[in-house]
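Trainee: Now for the letters of each chain:
2 protein chains.
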Amino acid sequence: MTPPITKGGTKLSTFYEVAEKKLQVLANGSVTTPKGFTAGGMHCGIKRKRKDLGWLYSEVPAEAAGVYTTNLFQAAPLIVTKESVAKEGKLQGIIVNSGKANTCTGEQGMLDAYEMRSQFTKAIGIKEHYAAVVSTGLIGDLLPMYKINSGITQIPDAMTSNAPTDFEKAILTTDTFTKNVAVQLEINGKQISIGGVAKGSGMIHPNMATMLGFITTDANIHHQDLHQALKEITNETFNCISVDGDSSTNDMVLAMANGLAGNEPLTKDHVDWSTFVDGLKFVCESLSKQIARDGEGATKLVEVQVNGVASDQAARNIAKTVISSNLVKTAIHGEDPNWGRIVVAVGYSGETLDPHQLTVAIGSVKVVNQGLPLSFNEEEAKKELEKEHVTLYIDFHQGNGKGNAWGCDLSYEYVRINASYRT
Amino acid sequence: MTPPITKGGTKLSTFYEVAEKKLQVLANGSVTTPKGFTAGGMHCGIKRKRKDLGWLYSEVPAEAAGVYTTNLFQAAPLIVTKESVAKEGKLQGIIVNSGKANTCTGEQGMLDAYEMRSQFTKAIGIKEHYAAVVSTGLIGDLLPMYKINSGITQIPDAMTSNAPTDFEKAILTTDTFTKNVAVQLEINGKQISIGGVAKGSGMIHPNMATMLGFITTDANIHHQDLHQALKEITNETFNCISVDGDSSTNDMVLAMANGLAGNEPLTKDHVDWSTFVDGLKFVCESLSKQIARDGEGATKLVEVQVNGVASDQAARNIAKTVISSNLVKTAIHGEDPNWGRIVVAVGYSGETLDPHQLTVAIGSVKVVNQGLPLSFNEEEAKKELEKEHVTLYIDFHQGNGKGNAWGCDLSYEYVRINASYRT
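Line order of the protein sequences matches chains A and C.
The numbering of the first sequence is our numbering, which starts it at 7 and goes up by one.
The numbering of the second sequence is our numbering, which starts it at 7 and goes up by one.
Chain A on its own, in the form it takes in the complex (with noise of 0.2 Å):
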């Protein structure tokens, strides 16, 4: 038995908890914490009237790394940013529209991600290679070229400023908050700051709509080290809401790392490349989590924490697995403390295990041991349900494989907003 299930509580996860003595995390953090970056965002007129033209700078070029969609349609910026990323390894601005997603556009699409780049690149005087485009909102429209080029042209003077709060509302669709946070943390005795700032709120995982990530850092360290790093913390935070394969055509998820914090180069023999890769995943779960809590009609985050499986593979597997049970996600937006369709979801993973190890919590209220239903107390399952922060535990005691899933209930609200989206 591990502690969360005895214990019970609200706390997120183990990892959390461990994370914050080494980490601090900072009260208005954004991707702007980090030294050496600005940020912003306006209405260049894609929506009707909320912010639509995001950017993100860094003083000196940064080490760049990304994690894209596996979607078999990709979207153009997309592929110009793989492009970008792929040159040099390095990034120097990002530049974001919201409303329309450029996939499905063909050539000219293409051409228009091209050309999003360069107006941007020369507007604010960096190499073409040195930014990223991203763009999120409705399939198959071309973008509104004169409108982003437009907006492009008064990036230079807003640039004066630094506002990261309007960057973040800039990349939101159907989001109903933006999504941010910045934690510091030592590194050779050197302050360094890593900062991010996401959108996505969608149904996620087991579908899809954009999930975009923005990680900065004033960290000193190389291309490959920060992508190896972000590869391997994506597949444990963002791909437990938005899971590879299950992808939307514009996903990704961008870090840069500007070296300005002075530290000795990160590397995997680096003395603090463990306090680096918590402090990188601290920031990534903590984006997961504002995804998850903002999916689409939902009025709960739920997470999924399972423990006791052979690999943490199999662990994770399992979480995403209850979490996308519309049936386990309706019951808990019914506060029902239905554990049987936990216990079915659990069955359908594809894991192989002994059933009759299984046990199952609703949050502090233990509902299933042995694979056999306890006699609980009702009353004490219903609070945990109705609680903002739904935790269920689910332990194999057979392994040490670990893993978290997120995800949120299923609301009326999600069939409202989903069946009027488009039209």
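What the hints contain is simulated information worked out from the structure, not anything from laboratory work.
Only true hints are included.
Some chain C residues close to chain A (C-beta under 8 Å, calculated; not the full set):
1. Cys110
2. Ser253
3. Leu333
4. Gly346
5. Leu359
6. Leu416
7. Val421
Beta carbons: idealized from backbone N, C-alpha and C, even for Gly.
Let chain A serve as the given structure and place chain C on it in line with the hints.
Mentor: For chain C alone, kept in the frame of chain A given last:
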């Protein structure tokens, strides 16, 4: 381009059209249409008012085949039924209760399932291992055996009249209508019949809620051949709504062939083998569609037809991915021709295909060609979505693989039903 896209219309599938020429679909057909079968159902008290105990009986022991859930957690009655079928490959009777699933009920659950079989076989005077035991309903509660046993004692009297509709009702849980079908076909110049009844109304794939199917025929066929045919057909029909590895703890499809039609034994070498297989497929496909149409809260049957990919398996995988997308399902509920969601779901199916070859049509309205959006008549597309039976056509023009999947729209009502099912 396969015909359905250019042709449009409301026909369910090409297979259906072809099969209808060889088969006669009977009005009011059911499991007792084939010779020698009787069925009935009663209220024994597990549910408050509705029927909850049903039986199916063959005058003579029938060759039997079963396809069972792959869920890690297997209901006690399913284990007992597997034992029955495995022993001689014969069944003469099936006893079904609804209201309680007898799953996660430990040793007592197993004892209850054995007792149910024993009481039933004694009451109607057949060998113990000639009976299948089936339960569906809420997980975790023990069966009220005194009610079931008391119900069973009344079966011999009730069996003097044939009441297939009562059987169809007795196996339901949240279903809103009974599901049945029967066809007649000619084998060796002999008239044979295949009948079927099913139950299922949950979210089905990608979640669950029990799916049960009972198939009867008076054809003469060895249980091994019957099993082979049933397994292959289940893969193309029932598993395209309720998927292997995504199935409930109690899912099963049982087939009984009592041979009373007197044909030469059907084997793969029999001249009419394909006629029989088409008939069996027609019955299974019809029941699958009835289940999909009765999805909880569903207002429409949605069919996805995939053509032009490398294999039938790839086609079914794509079809199932699209039919399982909550975003596609809500768009259809909202009668919004949001083809972008279809494209995205195709893209995360995991199949490797050339995105530039994709054609998508909503009914008779082609919306995507060569991977790019067409300008189409929104009103016409909306009209296709207003139908009670919506068909989406997907074609990659890259192979001969084809496959269908069936589902339904996702409505407010689905959330209401499932947020308050248990309490």
